[in-house]
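Trainee: So the sequence lines, in the order shown, correspond to chains A and B. In my numbering, each residue's number is its place in the first sequence (first place is 1) plus 919. In my numbering, each residue's number is its place in the second sequence (first place is 1) plus 61.
Careful: at least some of the hints might be erroneous.
Only some residues are given here: those of chain B computed to face chain A with a beta carbon under 7 angstroms [stated by the list, open to error]:
no. : residue
1   : M76
2   : A100
3   : P103
4   : V109
5   : F136
6   : L139
7   : E163
8   : F166
Since the hints were derived computationally from the structure, they do not count as laboratory data. Where a beta carbon is used, it is the ideal one built from N, C-alpha and C, also for glycine.
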Amino acid sequence: AQTVTQSQPEMSVQEAETVTLSCTYDTSENNYYLFWYKQPPSRQMILVIRQEAYKQQNATENRFSVNFQKAAKSFSLKISDSQLGDTAMYFCAFMGNSNSGYALNFGKGTSLLVTP
Amino acid sequence: ETGVTQTPRHLVMGMTNKKSLKCEQHLGHNAMYWYKQSAKKPLELMFVYNFKEQTENNSVPSRFSPECPNSSHLFLHLHTLQPEDSALYLCASSQEGQGFSEAFFGQGTRLTVV
């Protein structure tokens, strides 16, 4: 079974600064997908960014980028120019070929607070 | 509008009650999921339906009974629940069979068992 570990339960960053959220995972698979989801107080889970394991290039979506280290099984999320609207829970998730369909394995989440 | 709608948003029920959670997706997806989100724990996968067929039941107690009448609707029937079943229940959908597919989530049902 795959496990996803987020070692930072809570983090805080000032507006316009950069913050990095960490995620590690454990798998014996070679092909898989990794995701970062955001859950604001509205509870809506929103996909922030995704990474295919076979791609060496780190994914980027506007202010969000990842540092994917396949050998180290690490998948950190960097948020640049943080905005107040980035305040939310952030979940790292793994999807592998051995899962049933496209079901996701989630970490426990990191609560991010962006302060003025 | 998220494409995945869950009702009700909030539910309080007694341990002897029977209630149902509903999920509807308007995205044309063929796979639907129930997740349980409890405080301080990772989201837990409960059930998976592909093409209306249940393909996974993650050791979920029988007091939770899923139903998928068609690829657009998913229900979670609840009966004789325990207080520890209080949680946020999230529904998601995705499109299988065409490589990678992003999962889209509903806003969840906040369930409180008293």
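Trainee: Confirm or reject each hint.
Mentor: Structure-based check of all given hints:
1. M76: violated (24 angstroms)
2. A100: violated (10 angstroms)
3. P103: holds (4 angstroms)
4. V109: Hint on V109(B): holds, closest Cβ of chain A at ~5 angstroms, below 7 angstroms.
5. F136: violated (18 angstroms)
6. L139: Given a least distance of 19 angstroms, the restraint on L139(B) is violated.
7. E163: holds (6 angstroms)
8. F166: holds (4 angstroms)
Violated hints, in rising order: 1, 2, 5 and 6; the structure is consistent with all others.
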